[in-house]
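Engineer: Following the hints, position chain B against chain A.
Protein chains in written order, with our numbering: chain A, 1 to 330; chain B, 1 to 152.
Since the hints were derived computationally from the structure, they do not count as laboratory data. Note that this is a predicted model, so its numbers are computed, not measured. Careful, some of the hints might be misleading.
Straight-line C-alpha distance at most 25 Å; calculated SDA-like pairs for lysine to any residue [what the hints assert, rightly or not]:
#1 A:K326 / B:G97
#2 A:K209 / B:R46
#3 B:K54 / A:K209
#4 A:K85 / A:P189
#5 B:K136 / A:Q268
#6 A:K209 / B:L80
#7 B:K114 / B:E101
#8 B:K54 / A:L102
#9 A:K209 / A:A175
#10 A:K326 / B:E101
#11 B:K54 / A:K85
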Amino acid sequence: MAKPTFAMYWAASCGGCEISLLNIGEQILAVDAAFDVVFWPCVADFKYHDVENYPDDYIDLCLFNGGIRNSENEELAHLLRRKSKTLVAFGSCAYEGCVPGLANLTTNQATFNAVYDDCISNDTTRYQQPQVVSQVPEGELRIPVMYETVRALDQVVPVDYIIPGCPPEAHQISAVLTAILSGAQLPAPGGTILGAADVALCEECPLTKDVKQITRFYRPYEISPEPGLCLLEQGLVCMGPATRGGCGALCPQVGMRCEGCYGPLAGQDQGARMLSAIASVVSAGPPGMEEAAQAAAIEEAMATLADPVGTFYRFSMAHSIMGRAKTVDG
Amino acid sequence: MQTDFKPVIVGFLCNWCSYRAADLAGTARIQYAPTLRPIRVMCTARIEPEFVLKALREGADGVMIAGCHPGECHYVEGNLKALRRFTLLRMMLGQLGIERERVQLVWASASEGKHLASAVDRITEELRALGPLAWKRRVLAQEAMMEEAVGR
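Chain A extracted, bound-state conformation (with noise of 0.2 Å):
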């Protein structure tokens, strides 16, 4: 009987995902046993015509790494989509658009003027921003369009399951890839996390919680926290109480604050999850002030709050409640 076959891609991505799969250690090779790899540009050399040619459904297991940002990403996705039994988001970025979303804060131009010409490092006269169609002497180049707005790959085609995480961790991986090569019997599909716990990172974190009121916060240089006490206690900026656990609590662990990477529980807004918790320690004040005092000191803490909106959705602005700042009036 011939192998099960066996896809990973990359879209807006910075291939770290690629480098999680390879870290579940020797279990890679009984992958590789196990699978007959028909697509996966970061390790082999497949031309996406090649995948064109496949009859439909032909891949078994499509790992689909990356945010759609460019017309590029979108073709690929439907591409594999069509191509792929089973499609799974692999990642933060394919799950909820990661990093690269935070530039649904801005708009591309913006984000080409910093990146070809406001960078101090470039010489701005020897290159100009990037345009999708440009003439050369051998002809007409074109590159694929960039898009406004970053999206999560299931708001651009149905996805089976998801395996979140920044990158997925490696004991997660494993336990998935193991359920599947095993043929044990997966969740229904249609979007369904695996690999992940089902509460929040604050139930498997091991530091003590001291119900604190707190009066300003801090960012990670500014303080070293105390060993075994709530980070966010401390007034870190610790995503835990709005993050899907799973991987362990491995960062407050050392004492750096959850950065959210596993994304919000299920169905909620994993920023305003995290603003009703950064609420609920700010301090209003000694009790009996009078009502402006209060306010005053409640803007006063929260003003300590460096970019809320970049750090509450560092890795789910695409896929939140709002999707994208308001950049342009329309």
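Structural biologist: Below, chain B without anything else, positioned relative to chain A:
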């Protein structure tokens, strides 16, 4: 500025003060702008930021959160919790390009029907000056415009 623009305000009104204030405004036959879509909640602390964001995404031009004056909360300090959320929410709305006048917090006790009515009038005027928010059509539709440009 469109003069015929009728803003839609989604109002989250606390059961113990502001919803009664709105009731009083009605029974006292106070005339005010017909722009408010009131939703009764048990306390302003029940209003999760998601409610406000969803209202704005789904077509509201503004949101009014109304509750008891500080110190008069039926649940002791629910309104103070709402104030904490509101303060941060407004900061975040600014980052999302949403004008701060679009989401407002009003304290109105059960006897302040007139105060509530005039707050609705004031917010209506401010929203009228800002124009429609129309998030889905104007903001999320940027992608559709882009796709048109690509010729698909």
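Engineer: So, against the hints stated earlier in the document, which numbers end up violated here?
Structural biologist: The structure breaks hints 3, 9, 11; every other hint is satisfied.
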